[in-house]
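**Student:** So you can see what is in the structure, the chains are spelled out below.
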Amino acid sequence: MRQKAVAVVGAAETTQLGVIPDMSQIQLHADAALNAMADCGLRPKDIDGVATAGETPVQIAHYLGITPKWVDGTSVGGCSFMIHVRHAAAAIEAGLAHTVLITHGESGRSRVGTIPRSVPPSSLQGQFEQPYGPMGPPSLFTVPVLRYMKTYGVTEEQIAQVCVVQREWAGKNPRATFRNPITTADVLNSRMIAYPFRLLMCCLVTDGGGALILTSAERAKDFPTKPVYILGTGESVETPMVSQMEDFTSSRAFRVAGPTAFQQAGISVKDVDHLMIYDAFAHLPIYGLEDLGFVPRGEAARFIAERNTAPGGRLPLNTNGGGLSYMHSGMYGMYALQESVRQMRGIAPAQIEGAKISVCHGVGGMFAASGTIIFSNEAP
Amino acid sequence: MPEPSRALPQPTPETQHFWDGTREGELRLQRCDGCGKAYFPPRPFCASCGSRKVSVFKASGKGTLWSYVIHHRPVAGFTPPYAIAVVQLAEGPRMMSNIVECAQTPEALQLDMPLEVVFEKQNDSITLPLFRPAKG
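So the sequence lines, in the order shown, correspond to chains X and U.
Count the first sequence with the numbering used here and you get residues 1 to 380, in order.
Count the second sequence with the numbering used here and you get residues 1 to 136, in order.
Source of the hints: derived by calculation from the structure; they are not laboratory data.
Each hint should be verified, as a subset may be incorrect.
If we take Cβ atoms under 7 angstroms as the criterion, some of the chain U residues that face chain X in the derived model are [claimed, not checked]:
(1) Pro9
(2) Thr15
(3) Leu111
(4) Leu128
Estimated spans, in silico, between C-beta atoms of each pair [said to hold, decoys possible]:
(5) X:Pro259 / U:Gln110: 29 to 37 angstroms
(6) U:Gln16 / X:Lys45: 51 to 59 angstroms
(7) X:Pro21 / U:Gln122: 34 to 42 angstroms
(8) U:Arg23 / X:Pro116: 29 to 37 angstroms
(9) X:Arg117 / U:Glu101: 27 to 35 angstroms
(10) X:Ser268 / U:Pro106: 36 to 44 angstroms
Straight line, CA to CA, 27 angstroms or less: simulated BS3-like cross-link-like pairs of lysine-lysine [as the list claims (entries may be wrong)]:
(11) X:Lys150 / U:Lys135
(12) U:Lys37 / U:Lys53
(13) U:Lys121 / U:Lys62
(14) U:Lys62 / X:Lys150
(15) X:Lys45 / X:Lys226
Keep in mind it's a predicted model, so treat the numbers as computed, not measured.
Ideal placement from N, C-alpha and C gives every residue a C-beta, glycine not left out.
Let the hints inform the model, and build the full structure from the sequences given.
**Tutor:** Here it is, written out as structure tokens:
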């Protein structure tokens, strides 16, 4: 074990997920944080580091009664929490903090106590994208996909398969929002949102939250929970404007964050037992599988359609049902991290037997940012 | 009651030349005097090499259809379905725009089809660059 290796010792989601109209956004953070503290037997006075996105660390520390000596307010969209894990691990290794709490809460559906989001008309997006009629992620995140489909000859049917397979995983998860099986035809007959994307190719919009507590691996053995060690981490950003991505068939941020994490962990894709790839839309697992090196360019859609990532397949992917079927509050990365932790603890509803390494890969904005975390239940 | 307008840009000192250009019927890009790279969106330096020695030039207005979605939800100033497109400009950069004088269907909107810029006045200060299928 490295002297200062870091582990997740507390992890929890909000008590409820889905539609939670009686809780404001900051209370969703707090509900998840209190659950995570209860998970590992800590109280607010035991926490000396706070990281969060959406809300600020100031609001979260005050609300929970924490006096931190380290904070991180990195807020780059749904992968902010992967990046918080990376920064928290570095802070713990450097001795800047001993016990870090990372929180997420979002009233994505009920919109109780939320912070209004708008694009300033003087920003580059406001000047050079908004005038052409986009309305949020369904009309922007999807813009590169026709170029990907033409480049690699990928069909709408193949993209629909991503949704079908993930619904199979959701069917095994009592907490998933959508659990009934769907067919390729169901996906292709669902309402058109932004061609070629139909309703069932787009994530849910729900309320919820999650929290993680990290400390040094040396201390982790003193906690009641099974430690989940952090083997490697990576992060990057590319552009706030999807129209300015270098390559419409691949994310530069993915290609930096992923390999950085694998290199630090000293593992290859062949060593991975369980994988989470943030799926705000059906093309994200396709881009992620290719950019992280699990399959050659242009082959991910076929890889998924051939059931390699489905229950019983050799690379279980998005085993909670993903943003497409489990839940998606807006910044889904926290829920992907929670599922990786559950799998490494051996307590996931769709548990992968014997899994020892889990890779959790997030996206922020519209291919704007990325964070990758590699977990293991074996001490490094 | 007038139709609600689409979202309009608010120029900044660094982008004013672009919006002055569209008002005058020119698509203006920038090029680095050092490394020669043409770039977009506007900024008074080259993000490839960091040089502040850059020039504004009039682009050809020619391009091809790089990618798009056809949006089916209502947005102020638009009648769905309408395409939100990215144009590959002849000079190298890409920019988001709308495709006009063309059916907003997958059959009519073929990737890599040649396009040319047209200018659509929104008000006295803002004219947007849109693209239509190239005529010859």
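**Student:** Check each numbered hint from earlier against the structure, then list the numbers of those it violates in ascending order.
**Tutor:** none
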